[in-house]
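With positions in the sequence shown counted from 1, the corresponding number in this note's numbering is that position plus 718.
Calculated from the structure, these hints are not laboratory results. Just so we're clear, the structure is a prediction, and the values are computed from it rather than from any experiment. Glycine included, C-beta positions come from ideal geometry on N, C-alpha and C. Do not take every clue at face value.
[Stated by the list, open to error] If you anchor each label on the Cβ, the simulated ranges turn out as follows: (1) 805 / 867: 14 to 24 Å; (2) 719 / 792: 24 to 34 Å; (3) 870 / 788: 37 to 47 Å; (4) 744 / 805: 31 to 41 Å.
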Amino acid sequence: MFPETLWTEDLILRPIALGDTGAIFDEYAQDPEVTRYLTWAPHTSVRETEEFITGCIASETSRTFTLLGRRDRQLRGALTIRRDVPGRIGFGYVLSRRSWNQGLMTEALTEVVAWAMKQRDVWRIGATCDVDNVASARVMEKAGLEREGLLKRWMVHPNIEDTPRDCWMFAKAR
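Take the sequences, apply the hints, and build the full model.
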């Protein structure tokens, strides 16, 4: 249903673990700039991050991967694959600020898209991003997804405002 571990030229994508709690909190979970376009507010305690990770591990319909530098094994971010609708895969991702503008998320997502397109029971992989999140839109385009359209008032990004915002829909289908 999900890959165990994925390897790219620069990254290792492996399932998230409770041992990642401190690094995730320090690298991105508490950073308001990193979480700006996410659907959750910055964490205010390591305990909050631990509870989040516990939920990720318990999920039967998704798997969250930590992105580790292949050479230094340092945490760079995370990517979640969701399989809650037959035939479709959804995803979401977050990258630590120190890892921005290095092509790492494009590299990780390209590998996930390639894996998804090899699955016999998957017809589509896709996600949305806020219309103002230019960096995320660019990652999805560079990973081979097509910008399918604009979803009006689609998702609340609580770090921006408390009403639904417009989002771009990106997907790749076979």
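Of the hints given before, which are not true for this structure?
none
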